[in-house]
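Sequences listed follow chains L and A, in order.
Be aware that the first sequence starts at 1, since it is given in the numbering used here, and climbs by one per residue.
Be aware that the second sequence starts at 1001, since it is given in the numbering used here, and climbs by one per residue.
Careful: at least some of the hints might be erroneous.
[Said to hold, decoys possible] Using 20 angstroms as the maximum straight-line C-alpha spacing, the simulated SDA-like pairs for lysine to any residue come out as follows:
| no. | chain 1 | residue 1 | chain 2 | residue 2 |
| --- | --- | --- | --- | --- |
| 1 | A | 1201 | L | 259 |
| 2 | A | 1263 | L | 241 |
| 3 | A | 1263 | L | 263 |
| 4 | A | 1263 | L | 216 |
| 5 | L | 201 | A | 1304 |
| 6 | A | 1263 | L | 244 |
| 7 | A | 1263 | L | 255 |
| 8 | A | 1263 | L | 258 |
| 9 | A | 1263 | L | 139 |
| 10 | A | 1201 | A | 1177 |
| 11 | A | 1263 | L | 272 |
| 12 | L | 201 | A | 1265 |
| 13 | A | 1201 | L | 272 |
| 14 | L | 201 | A | 1177 |
| 15 | L | 126 | L | 116 |
| 16 | L | 20 | A | 1156 |
| 17 | L | 201 | A | 1275 |
| 18 | L | 177 | L | 139 |
| 19 | L | 201 | A | 1201 |
| 20 | A | 1304 | A | 1323 |
| 21 | A | 1201 | L | 274 |
Just so you know, these hints were derived from the structure itself, not from any lab.
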Amino acid sequence: MSTAPILEVTGLEKHYPVRKGILFSREVGRVRAVDGIDFSIREGETLGLVGESGCGKTTTSRLVLGLEAPTAGDVRLEGQSWQNLTGKARQDYHAKVQAVFQDPWSSLNPRMHVGEIVGESLRIAKWGTRAEIEERVAALLVEVGLRPEHARQYPHEFSGGQRQRIALASALAIGPKLIVLDEPVSALDVSIRAQMMNLLKDVQEQDNVAYLLVAHDLATVRFMSNWTAVMYLGQIVEYAPTEALFENVRHPYTRALFSAVLPDHPDRQEEGIVLTGEVPSPLDPPGGCRFHTRCPFAMDICSQVVPALTESESGHLAACHLEE
Amino acid sequence: MDSAPVLEVRNLHTHFFLRRGVVKAVDGVTFSLKRGEVLGLVGESGCGKSLTALSILRLLPQEAARTVEGQVLLDGEDLLAKSAGEMREVRGQRIAMILQDPQTSLNPVFSIGNQLHEALARRPDERGRSLRERAVDVLRQVRLAAPEQRIGQYPHELSGGMKQRVVGAIAISCAPEVMIADEPTTALDVTIQLQYLNLLKELQTSLGMGILFITHDFGVVARMCDRVAVMYAGRIVETGPVREIFDNPVHPYTQALIASVPKLRDTAERLRAIEGQPPALSDLPVGCRFADRCPHAEPRCLEKYPEAVSVGENHTASCWLAA
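The following block holds chain L by itself, in its conformation from the complex (with noise of 0.2 angstroms):
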């Protein structure tokens, strides 16, 4: 498990711009979706990333994707940042990163039958003659617990979980390296996600395969997870191995969203931390820690210096200045 990462993030920023005016348009300010953060992925893993709407994770996503460029920082996939790539090897590189999105009645195209839909990439990518391409669709939707004739159907004759498990084997064809999964199992029904989630821990095994993993829930990322990352207001507020997490939170925002998760029985009523008021515009961020405004224990030196992630034990991190 200890082999180097196949994902690095460093320093990755994305600012959008926002403009004012048609013709002699300004710049009056940035949205700072995502705004400095470092966080890697080793062969075979799952990093979760956690955090409420509008923190930045599935800006994230998008941006190791490759779907969006960075304001600042870089996306290396072994080695290798997307940026400076052009050509076949830009496409090698999104052969490797493939993604499976949150709703399953948007991301499959219903003109298509299954088998174009999963077969697509590999018909772009030149990967064999079409009887192959078939054969190996056919593996695919067994591999995701659906039978090769499926293939001939369109995307409506299904269900959502089934159709999140086309989406899987279309991310699955060409052989990636990383699977970006944005919330996979947040649009599907409860007794539905079980599956769902068992399937994409299968696969992982089976292909060994690393998952980006983006989700609010937090029971969805321990099950998933073996690294968890918080987001908040673009920036990550903690980062460790999810036991370690789990075990032992460290940062305000972390444990109030902990306290936010409903409870499993009715006797079990958590009463931690309830934060007030709501997540502050990403268009003007709080000074020092962004989380001070909504922090029941801010201090002083809150409001003026932006903390910096320091290491507890062993790879536990946390941005906050309740642990200096």
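Chain A: place on chain L using the hints.
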């Protein structure tokens, strides 16, 4: 808790009549809601829980869907026998509803104040306050910050959590006896969800409403509900007090549903998934509807639908194994 039920649904059948046949979306649902009680109606999408709510308020999609049998009693009066005009007096005033997505349940071209006035104007104020004063007052009840300013704002200027508070304010503005909350927190972020659930609980206690809480999330049930009704493929398969349902679920579907949710404290390597899919509502089996996914299914499960039997105090289940 032994007060008379404020809302009683008896043997409700709502079907869709389509060219390709009849879809029995709600197929004999019976439950009652007491004053000051939160009843959770739990199930997966397509099990008929939202359609049950729409049937109660008689807001079914016209032409296609019809309630063909059953009674909906509000304080003993059958809502299904009322005229359209009488029904308008019920909706919003005696039974209020909160929907899942605040983005679509507020009108984008009217200000918050305007939309509140619409609800408030239906009922004269006993203290002679102006509409504006009353609007500010209900917004304060739902803990919306700076209500005086919010009144002039439009939905797009508010965040999702704030919008859902406004929806809540409209719902409680006429002091309803019953509130139907259809997945009101699914569209909200986790920390905001917790704030909103706390608010609903508070409002329920102070106003003494009965809440029918529709959800698919057992976490929400554990937090909010006094009693639970679990629905599967158009029917209620198990009802009971919330602790009974968690400690001693009898129906295999309820057991499987609770077991399939990953727990925060759990370090399990695999989840106990329910294999298969729910049956198509247009082609329902004669026997138990969960039989083909049930690990304990026996031949008799396929032959005849099990009647609800008592398995504990106020606890019933429709399963041959419990009979």
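Here is how each hint holds up against the structure:
1. 1201/A with 259/L: holds, 17 angstroms
2. 1263/A with 241/L: holds, 18 angstroms
3. 1263/A with 263/L: holds, 9 angstroms
4. 1263/A with 216/L: holds, 14 angstroms
5. 201/L with 1304/A: Measuring from Cα to Cα gives roughly 38 angstroms; hence the hint is violated.
6. 1263/A with 244/L: holds, 17 angstroms
7. 1263/A with 255/L: holds, 16 angstroms
8. 1263/A with 258/L: Distance ~12 angstroms between residue 1263/A and residue 258/L Cα, so the pair holds.
9. 1263/A with 139/L: violated, 33 angstroms
10. 1201/A with 1177/A: Holds, at about 15 angstroms.
11. 1263/A with 272/L: holds, 17 angstroms
12. 201/L with 1265/A: With Cα atoms ~19 angstroms apart, residue 201/L and residue 1265/A stay inside 20 angstroms; holds.
13. 1201/A with 272/L: The given pair, whose Cα atoms are some 18 angstroms apart, holds under the 20 angstroms limit.
14. 201/L with 1177/A: violated, 47 angstroms
15. 126/L with 116/L: holds, 14 angstroms
16. 20/L with 1156/A: Holds. Residue 20/L to residue 1156/A sits at ~19 angstroms (cutoff 20 angstroms).
17. 201/L with 1275/A: holds, 16 angstroms
18. 177/L with 139/L: holds, 19 angstroms
19. 201/L with 1201/A: Given pair residue 201/L, residue 1201/A is violated - Cα atoms ~38 angstroms apart, limit 20 angstroms.
20. 1304/A with 1323/A: holds, 13 angstroms
21. 1201/A with 274/L: Given that 20 angstroms is the threshold and the Cα spacing comes to 15 angstroms, the pair holds.
Hint compliance for this structure: hints 5, 9, 14 and 19 are broken, all remaining hints hold.
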